[in-house]
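Given these sequences and hints, build the entire structure.
Here the protein sequences line up with chains A and B, keeping their order. Residue numbers for the first sequence, in the working numbering: 1 to 345. Residue numbers for the second sequence, in the working numbering: 1001 to 1136.
FYI, nobody ran anything at the bench for these hints, they're computed from the structure. Note that the structure is a prediction, hence the values are computed from the model and not measured. All C-beta atoms in this analysis are idealised placements derived from N, C-alpha and C, irrespective of residue type, glycine included. Any given hint could turn out to be false.
Pairwise CB distance ranges, derived in the manner of DEER restraints [unchecked claim]: (1) A:Thr-334 with B:Asp-1062: 18 to 24 Å; (2) B:Glu-1090 with A:Ser-30: 16 to 22 Å; (3) B:Glu-1019 with A:Asn-24: 23 to 29 Å; (4) B:Glu-1090 with A:Met-221: 41 to 47 Å.
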Amino acid sequence: MFVSPLFEVEEKLGANFGEFAGWNMPMTYSSYQEEHLAVRNSVAIFDLSHMGRLRVKGRAEELEELIAKELNGSPGQMIGPTAFLNDKGGFIDDVMTYKVSDSEFLLVTNAVNREKVIKWIRSNSSLDVEDLTFSLVMIAIQGKRVKETFNVDEIPRMTFKLNANYMGMDVFLLSRSGWTGEDGIEIWAEPEVAGKIFTKLTQSGVKPAGLVTRDSIRQEMGYLLYGEDIDESVTPVESRYWVFSLSKGFVGKDAIVEQLRNGVSKIRFGFKMKKGLRIIPRNGMEVTSLGSKVGYVTSSTFSPFLNRVIGMGYISPQHFFLGYSTTVEIRGRTYEIKMDDFPFI
Amino acid sequence: MAEIKVGKYTVLSDLLYTETDEWVRLEGDIATVGITDYAQKKLRDIVGIELPEVGREFNSGDSIGVVESVKAAVDIYAPLSGKVCQVNEELTSSPELMNLDPYGKGWIFKLKCNNVNEKVKLMNAEKYVEKIQKGE
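Have a look at this one:
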């Protein structure tokens, strides 16, 4: 199993570690509920070293052919989220893309798909792929009060700088981005530098947060997690994950065009449970409408911010009754879930 | 009551334990039951509980309720046979008490036991420490 280079720093901060996609990462520090509220009301710092970080060099046209979104935009811009799709339109991976120049891009992949994406690019193009995952650490500082740690106006949203300076330290990449719905920055830096930033910020009151919090935060926004909500059998249309541009060609486009013309057999929906009900539907549990099976749950959690259970899943489009309370079967009992749309906050 | 430390886990010397990580405090024929520190740390953030109904009878080993954490839902089992005489209603709104104080405010239910001699099937603290060590 891989271990974050920040393991020792995080252990000192009281991290509870757990396995995620083959990495031993901090799951929680104090309680995920406190960490979650720090992201929403204040500021928190995450270690995202498990995510794949790749540098791709070569002809942009070749990457354009493999990636679903257009890569036109100026250097220093982030293009994303977007995705690599298979020829059936299913997700090979959803990725964040950074345009360094017309012939150089950086990609962030899901941890579980890092090797798969490298192989996919290499076997379908002449692009040069360099894996930076093990030489650089990725951290994210997220929340309204991120401004107090750094003058964020230096980088407009969804842009980045290479060889930047953060708190007087040299970092490889600094971007105004995140996966939380809050203002924030993400940093790629050498392990020693990232460790210093992590320690300094937590000493100054920034709350360290783990992957459990990252999961509850992303569910409030309706962001999808690979392996839970999307995989190779699900398309961007079915998941309502608008990561493609039809104005260009790319692998998987034909399948997407076909679905946009003729419709889909399942569609992603969000739901909320009644306040006070502390039961979590799990991945794969059946969604029913007056006894008929109409869908299934893919993610769910208790949102400390909304003080209720929220989640998402897939439902037959004929039963996508936004605002209506359908039901889910949990351990032989039926519970109401109200269909709602994202973001929940 | 002496605390025994097994790595980051706490075991209390005067309690009895089950294979499924419940603790039992026997006072006469009343057994107070909760989940151990080891169990709560493995489950991590607990967000909900399904409590048994007061008055219901269970045999030892029966599933008596469910603890929901962000990670998983796990059954809790009756360590002894008997009738539920009290449940910790506070857990319904504050299930995190099972994380914060598993042997105290995080108690889950009380059972009026049919036969306290069944306790021979439970582990003492020493045996439970061995079980944790084997599991780690």
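We went through each hint and held it up to the structure:
no.	hint	verdict
1	A:Thr-334 with B:Asp-1062: 18 to 24 Å	23 Å, holds
2	B:Glu-1090 with A:Ser-30: 16 to 22 Å	21 Å, holds
3	B:Glu-1019 with A:Asn-24: 23 to 29 Å	27 Å, holds
4	B:Glu-1090 with A:Met-221: 41 to 47 Å	32 Å, violated
Hint check: a violation occurs at hint 4 only; the rest are consistent with the structure.
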